[in-house]
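Trainee: These protein sequences, in sequence, are chains D and Y.
One point on numbering: in this note's numbering, the residue at position 253 of the first sequence is 253, and numbering is uninterrupted.
One point on numbering: in this note's numbering, the residue at position 80 of the second sequence is 460, and numbering is uninterrupted.
If you're looking for bench data, these hints aren't it; they were derived computationally from the structure.
Backbone N, C-alpha and C define an ideal beta-carbon position, used for all residues, glycine too.
Relax, there's no trap hidden among the hints.
Sample of chain D residues with no beta-carbon within 12 Å of chain Y, all distances over it, derived:
| id | residue |
| --- | --- |
| 1 | G120 |
| 2 | D207 |
| 3 | E295 |
| 4 | K303 |
| 5 | Y336 |
| 6 | V342 |
| 7 | L366 |
| 8 | L369 |
| 9 | G372 |
Residues from chain Y that face chain D, not an exhaustive set, calculated with beta carbons under 7 Å:
| id | residue |
| --- | --- |
| 10 | I396 |
| 11 | W398 |
| 12 | T399 |
| 13 | P417 |
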Amino acid sequence: MRKFLNLSVLSVALFSVTFPTGIIAQSHQAENHSTSTTEVSESAADQVETAHAEEEEFDPTEVVMHHIADAHSFHVYGEGEEAVSVPLPVILYTSKGLVTFMSSAFHHDTHGHHVVERNGQRFVNYHDDIYELNAGAEHLEFEGDHTVTNASLPLDLSITKNVFTLFLAAALLLLIFGSVARNYQKGSVPSGLAGFMEPLVLFVRDDIAIPNIGPKYGRYMPYLLTLFFFIWIINLIGLVPFFPFSANLSGNISFTLTLAVIALLVVNFSGNKAYWKHIFAPQPWWLWPILFVIEFLSNVVIKFFALMIRLFANITAGHIIVLSLISLIFIFKSVYMSAVSVPFALFISVLELLVAALQAFIFTLLTALFIGQAVAEDHH
Amino acid sequence: MFLEINPLVKPDIGLIVWTTITFLILLVLLRKFAWKPILGAVKGREESIKESLASAEKAREEMKRLQSDNERILQEARQERDKMMKDARDIRDKIVSDAKADANEQAEQIIASAKEQIDNQKMAAITELKNQVAEMSIEIAEMILRAELDDKEKQSKLVDNHLKNFKLN
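Make the full structure from the sequences, and use the hints.
Mentor: See below:
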C-alpha cells in the first residue's frame with residue numbers, strides 16, 4: 001500500500017518536473033486572464049477577482065497546492081480581505097541592500113496587485129514570490145502565461161511559514177531535550193518526559209547507529225539524533241491542521257534537499273581510504289570506466305537524491321491525500337460528502353502519524369547506513 | 381529557462397539558507413545541552429549496571445568460596461571433634477584400665493598382707509596354743525603326779541615298777 005503510494009507520488013513529482021505545464025501551471029491560467037489585463041486600478045481588479053472567484057468552479061488542485069506551498073504570512077482562518085493571518089517578517093536582499101518589512105504590508109494580496117514601497121523600491125507578492133518592480137513600473141506585466149517582464153526576484157530570506165516552522169521545531173526540540181537532559185542531573189533514572197524520550201534516543205543508538213556504523217558510531221550520534229527528532233517533529237507539526245502548526249515543511253523540496261546535502265557532506269567527509277579506493281579504483285580494472293561512473297554517481301548523487309525525494313514525496317503525498325479527501329466535499333457541493341471524506345481523512349491522518357515516524361526513521365537509518373559504508377574497513 | 385519547474389519541486393534559496401542555519405545551530409545546541417548529558421547519563425548508568433552485575437557476580441562467587449570454606453572448616457571441626465572424642469575415649473579407657481590395674485595390685489597387696497598377717501596371727505595363735513597346751517600338760521601331769529604320788533604306797537609301787545623295768549633292760 002505504502003509502496004504503491006510512494007511510487008505514484010514519485011511519478012507525479014517526476015512528471016511535474018519534466019513537463020513544463022504541470023498541474024499547477026494549468027490552475028494559474030484562469031487567474032492570469034484577469035490579472036494580465038494591465039492598467040486596471042487595484043480596487044477594480046480586486047472586484048473583478050472576487051466576482052470571478054464566486055463564479056469560478058472550485059479548483060481542488062489550486063487549493064491543495066496552495067496548502068502545501070510555502071507562504072509569507074501564516075494564514076489562520078478566513079478568506080480574502082477578511083482573512084486572519086499572522087504577519088511574518090519579509091527579508092529581501094536586493095541590489096540596493098537589505099530590505100525588511102512585515103508581510104501584513106501586502107494586505108493578504110498574493111496576486112501582485114498591492115505594491116509595497118520601501119527605500120524607494122517597489123515590491124509585489126505574486127504567488128508568494130516577492131518581485132522587485134523595475135524603475136518606473138507600476139504593476140507587474142506578463143508575457144505569455146506568467147512570465148514577468150518588468151520585475152526581478154531579489155534574494156528572498158524572509159521568515160516564511162516554513163522558516164517559522166523550522167524555528168518552532170528547533171525551539172520545541174531544545175525545550176523537550178533540554179528538560180530531558182536536566183532530568184538526568186537529578187539522578188540517572190529517567191522520570192516523566194525523560195522516561196518517554198530515553199527509549200527513542202536508545203533506539204537511534206542501538207538500532208540505527210550501532211548496527212550500521214559499527215564501533216565508530218559515537219561521533220555521529222549527535223547528528224543522527226538531531227536528524228531523527230528534527231524530521232519527526234517537523235512531520236508531526238505538519239499533521240496538526242491549525243496555527244501555529246500545519247506547515248508542510250518536510251514536504252518541501254528545499255528542506256529535504258538541504259538535509260540530503262548535509263547528509264552527503266557528512267558521509268563523504270567521513271569516507272576513509274577504502275571508500276575512496278572503491279570509487280576511484282574499482283576492481284576489476286578493465287571495468288573501470290563503467291564502474292567509476294556508477295560508483296561516483298551512486299555515492300555522490302543518487303543516494304542523496306533518493307533521500308531527498310523519499311521524504312519530500314511521502315510527506316507531500318500524505319498532505320495531498322488528506323486535502324483531496326476534504327476537497328471532495330466542495331467538488332460534490334454536498335455536506336453529506338463529509339460523512340465519507342472525514343473518516344477517510346482521519347484514517348489517512350492516523351496513517352500519516354505512522355509515516356511521520358517511519359520517514360524520520362528511514363532517513364536517519366539510510367544516512368547511518370551510508371556513513372557505515374564510508375567508514376567501513378576494506379574487506380577485499 | 382526552457383523548462384519551467386513545477387513550484388512544488390522548485391528549490392527556494394531562502395528556505396535552504398534558513399534550514400542550513402537552523403539545523404546546524406540546533407545540532408550544536410542539542411549536542412552540547414541535550415545529547416551529551418543524556419548519552420553520558422545513559423552510558424554512566426549502563427556502566428554502573430554492568431559494574432553492579434559484575435560485583436554481584438563477584439559477591440556470589442565470594443559467597444560460594446566462603447560457603448565451601450565454611451564447609452571445609454566445618455568438616456575439619458567435625459574431624460577435630462571426632463579426633464578429640466576418640467582421644468578422650470582412649471584416655472578414659474586408659475585411666476579406667478590403669479585404675480583397674482592399680483586397684484587389682486593394691487587389692488592383691490592388701491590380700492597378701494592380710495594373708496601374711498593371718499599367717500602371723502595363726503603362728504602366734506599356734507605358738508600360744510602350744511605353750512598353753514604344754515603348760516596345761518605340765519599342770520595336768522603335775523596334777524596327775526601329785527594325785528599319784530599322794531600316797532606312799534603308790535609311790536613305792538611306781539618306783540618298783542620302774543625299777544622292774546630297769547631290771548628288764
